[in-house]
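Asker: Sequence:
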Amino acid sequence: ASWEAVMDLGRTAGEGARTDRALMELVAANLVELQGDRYGLHDLVRAFARQHVQPGSDGETADIERATVRQVLEHQLHNVRACDRVLDHERTLPIGEPERVTVTDPAEPGQAMAFLDGEYPSVQRGIRLAIGQGIERYKWLLSMALVTYQWRRHLLDDALKNLRYAADAAESAAAPVDCAMVHRMLAGTQWRLGKYDSAVGHLRRAVRLSQEDHSEEGRLSLARSLHRLGITLRKQGDWIGAEEALFQALELCREVFDAVGEAATLNALGALHHDRGDHEQALRRCADALAVVERTVERSGLADVLFTLAKVNLARSERDEAVSLYQRACDIYREQENWPNEDKARLLFADVLLSAGKSEEAVRELERVIVLRELMGGEGVREVRELLEGLR
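In terms of our numbering, the sequence shown opens at residue 1464 and continues consecutively.
The set of hints was computed from the structure by calculation and includes no laboratory data.
Cβ atoms here follow ideal geometry from the backbone N, Cα and C, with glycine treated the same way.
Be aware that one or more of the hints could be misleading.
Straight-line Cα separation of at most 20 Å, EDC-like style, residue types lysine to aspartate or glutamate; simulated pairs [to be verified]: (1) Lys1821 to Glu1781; (2) Lys1698 to Asp1741; (3) Lys1698 to Asp1641; (4) Lys1624 to Glu1675; (5) Lys1807 to Glu1846; (6) Lys1774 to Glu1718; (7) Lys1774 to Glu1837; (8) Lys1807 to Glu1842; (9) Lys1807 to Glu1824; (10) Lys1821 to Glu1849; (11) Lys1807 to Glu1743; (12) Lys1698 to Asp1738; (13) Lys1658 to Glu1680; (14) Lys1821 to Asp1794; (15) Lys1807 to Asp1794; (16) Lys1658 to Glu1675; (17) Lys1698 to Glu1718; (18) Lys1658 to Asp1676; (19) Lys1821 to Glu1842; (20) Lys1658 to Glu1849; (21) Lys1658 to Asp1701; (22) Lys1807 to Asp1741; (23) Lys1821 to Glu1852; (24) Lys1658 to Asp1621; (25) Lys1807 to Glu1830; (26) Lys1698 to Glu1680; (27) Lys1821 to Asp1783; (28) Lys1774 to Glu1824; (29) Lys1774 to Glu1784; (30) Lys1821 to Glu1784; (31) Lys1821 to Glu1837; (32) Lys1624 to Asp1580; (33) Lys1658 to Glu1679; (34) Lys1658 to Glu1599; (35) Lys1698 to Glu1679.
Each pair of labels, with its calculated beta carbon distance range [unchecked claim]: (36) Ala1750 to Asp1580: 20 to 28 Å; (37) Thr1565 to Gln1674: 52 to 60 Å; (38) Ala1510 to Ser1585: 44 to 52 Å; (39) Arg1655 to Glu1849: 20 to 28 Å; (40) Phe1710 to Arg1501: 47 to 55 Å.
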C-alpha cells in the first residue's frame, strides 16, 4: 500500500491516532516492510497476526474488520475513479463524493496510467476481497472504474473476470442504465477478445435495460448501447443490422446533444461504407465525424476518426494524406497510452510507408510495435521481428 493508503487506513482508529508515527515504529521494528515507496506486511507477520492477535470480543473484531475493509476499498475506489475520469471523460459512475480518503489528481492520461500501473495488483486484490465478502458496491463499481486501464494495458482476461462478477452485482444493486453500462463494458472486453457473438448478447441486454428508462439518461444509454451493437454487428458481417443500429444511435445522440457519441457513430458508419467499397460516402461520413469530434476535448475519439480516415484515403489512392493521418492517430494513441490501438495503427502505418518506399520510417514504426507487443505479453513479436529482419 502507498503512504496515502496507510494514512487513510489509520483513520479507522479515530481522532488523535498518530498513524504516521505508528507506521514508522512498525517499520523500525521490521514488522512492516518498506519496498520503494510502498508498505506491506511480511507473510510471516501476517500469518502470526491472523493466528495470535485478537482485537477484542468477537463482535468488536467483526466491527473492526468491516470498518477496515470498507476504508481500504473506499480509498481504492475513489483513486481509481479519479484516474478513470482522465482516461474516459464520458463515463459516469454513481460513486458519490469521497469522505475521509486521500484522492490522487492526475493532470493527463500518462499520470493516470502511471498511478494505476503502481496500484493495479493492490486494486485487483481489493476486487477479490469485495467479491469474497459479497460487498456489492465495490464488486461492480471498482471493476467498472478499472476497465479502461485494463483495455489500454491489454489485461483483458482480468477485465472479463471482474466484469462478470460486476454484472451479477449490478443486476441486483444498480439502476437499469448503470446495469446496461456494465453489459457494454463486458461486451467491449469480449469484442477486444474477438468474441463477437457473446458481445452481441450483452449489447442486446444493454439495449433492453436502457429502454426501461425513458429519461434523457436512458436515451443516452440507449444511444451508446446501439452504437456498440452496430460496430459489433459490422464485425460479424451483418451490414444491414449494423447500419440500422447505427442510424438509431445517431438520431439519439443528436437528440441528447452527445457530440462524442455522434462523432463515434458517424465514424462507424464511415467504416461500414469503407467495408462496402463506397469510399466517397465513407469519406463524407468520416469528414462529418472529424468536424464534430474536433469541437470536443475527446482525444481518443479523434484518433479513431483519423485512423478510419487514413484507411479511406488509402483506398482512394491518396497515400500522402493517409500517411499524415496515420501519423496523427498513432501519436494520439501513444499520448493516451492505448497500447493495443497504437499497435494496430502503427502496423498498418508501417505497411503504408513500405508501399511508399520509406523503409527506414517503416522500420521505426515496427520497432515501436515490438516494444508494445513485449509490454502486452509478447504475442506476435516473432512475426514482426521476422518482418524487420527482411527490411534490414
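Asker: For each hint, tell me whether it holds in the structure or not.
Answerer: The hints, checked one at a time:
Between Lys1821 and Glu1781, the direct Cα distance comes to roughly 16 Å. Compliance with the 20 Å bound is thereby established for this hinted pair. Taken as a hint, the Lys1698 and Asp1741 pair is honoured in the structure, with Cα atoms around 17 Å apart against an allowance of 20 Å. Restraint check for Lys1698 and Asp1641: not satisfied, since their Cα atoms lie roughly 25 Å apart, outside the 20 Å limit. At roughly 27 Å between alpha-carbon atoms, Lys1624 and Glu1675 are farther apart than 20 Å, so this suggested pair is violated.
A hinted pair counts as satisfied when its Cα atoms are at most 20 Å apart, and Lys1807 with Glu1846 qualifies at roughly 14 Å. Distance check on the hinted pair: Lys1774 and Glu1718 sit about 30 Å apart at the alpha-carbon level, beyond 20 Å; violated. Between the alpha carbons of Lys1774 and Glu1837 the distance comes to roughly 26 Å, so the proposed pair goes past 20 Å and is violated. Between Lys1807 and Glu1842 the alpha-carbon distance is near 13 Å, which keeps this suggested pair within the 20 Å criterion.
A C-alpha spacing of about 16 Å is found between Lys1807 and Glu1824, which places the hinted pair at or below 20 Å, so the restraint holds. This hinted pair checks out: Lys1821 and Glu1849 have alpha carbons roughly 18 Å apart, not beyond 20 Å. Taken as a hint, the Lys1807 and Glu1743 pair is broken in the structure, with Cα atoms around 24 Å apart against an allowance of 20 Å. Restraint check: the Cα-Cα separation between Lys1698 and Asp1738 comes to about 10 Å, which is no more than 20 Å; the hinted pair holds.
Distance hint between Lys1658 and Glu1680 is unfulfilled; the C-alpha atoms sit about 28 Å from each other, more than 20 Å. Between Lys1821 and Asp1794 the alpha-carbon distance is near 18 Å, which keeps this suggested pair within the 20 Å criterion. Pair hint Lys1807 plus Asp1794 holds up; C-alpha atoms about 13 Å apart against a cutoff of 20 Å. In summary, the hint linking Lys1658 to Glu1675 is not supported, as the alpha carbons are separated by about 27 Å, beyond the 20 Å threshold.
With a CA separation close to 27 Å, the supplied pair Lys1698 and Glu1718 exceeds the 20 Å bound. Proposed proximity of Lys1658 and Asp1676 is contradicted: the alpha carbons are some 28 Å apart, above 20 Å. Distance hint between Lys1821 and Glu1842 is unfulfilled; the C-alpha atoms sit about 26 Å from each other, more than 20 Å. The straight-line distance between the Cα atoms of Lys1658 and Glu1849 is roughly 29 Å, outside the 20 Å bound, and the hint therefore fails.
Under the criterion of a C-alpha separation no larger than 20 Å, the hint pairing Lys1658 with Asp1701 is consistent with the structure, at around 15 Å. Restraint check for Lys1807 and Asp1741: the C-alpha separation of about 23 Å exceeds 20 Å, so the hint is violated. About 16 Å separates the Cα atoms of Lys1821 and Glu1852, which keeps this hinted pair within 20 Å; it holds. For a cut-off of 20 Å, the pair hint linking Lys1658 to Asp1621 stands: about 16 Å separates their Cα positions.
Simply put, Lys1807 and Glu1830 have alpha-carbon atoms about 13 Å apart, close enough for the 20 Å limit, and the pair holds. Of the supplied pair hints, the one linking Lys1698 and Glu1680 is violated, its CA atoms being roughly 28 Å apart against a limit of 20 Å. The straight-line distance between the Cα atoms of Lys1821 and Asp1783 is roughly 12 Å, inside the 20 Å bound, and the hint therefore holds. Distance restraint check for Lys1774 and Glu1824: the Cα-Cα separation of roughly 19 Å lies within the 20 Å cut-off, and the hinted pair is therefore satisfied.
The hinted pair formed by Lys1774 and Glu1784 meets the criterion: a straight-line CA distance of about 10 Å does not exceed 20 Å. Between Lys1821 and Glu1784 the CA atoms are separated by roughly 15 Å; this keeps the pair inside 20 Å, and the hint holds. Only pairs whose Cα atoms come within 20 Å are accepted, and Lys1821 paired with Glu1837 is rejected, the gap being roughly 25 Å. At roughly 19 Å between alpha-carbon atoms, Lys1624 and Asp1580 fall within 20 Å of each other, so this suggested pair holds.
Under the criterion of a C-alpha separation no larger than 20 Å, the hint pairing Lys1658 with Glu1679 is inconsistent with the structure, at around 31 Å. For the hint linking Lys1658 to Glu1599, the alpha-carbon distance of about 27 Å lies beyond 20 Å, and the restraint is violated. The hinted pair formed by Lys1698 and Glu1679 fails the criterion: a straight-line CA distance of about 29 Å is larger than 20 Å. For the pair Ala1750 and Asp1580, the beta carbons lie near 37 Å from each other, so the given range of 20 to 28 Å is not met.
Our hint of 52 to 60 Å for Thr1565 and Gln1674 is violated, since their Cβ atoms are close to 40 Å apart. One distance hint, 44 to 52 Å for the beta-carbon pair Ala1510 and Ser1585, is violated here, with the actual separation near 20 Å. About 25 Å separates the C-beta atoms of Arg1655 and Glu1849, a value consistent with the hinted range of 20 to 28 Å. Between Phe1710 and Arg1501 the beta carbons are some 51 Å apart, a value that agrees with the proposed interval 47 to 55 Å.
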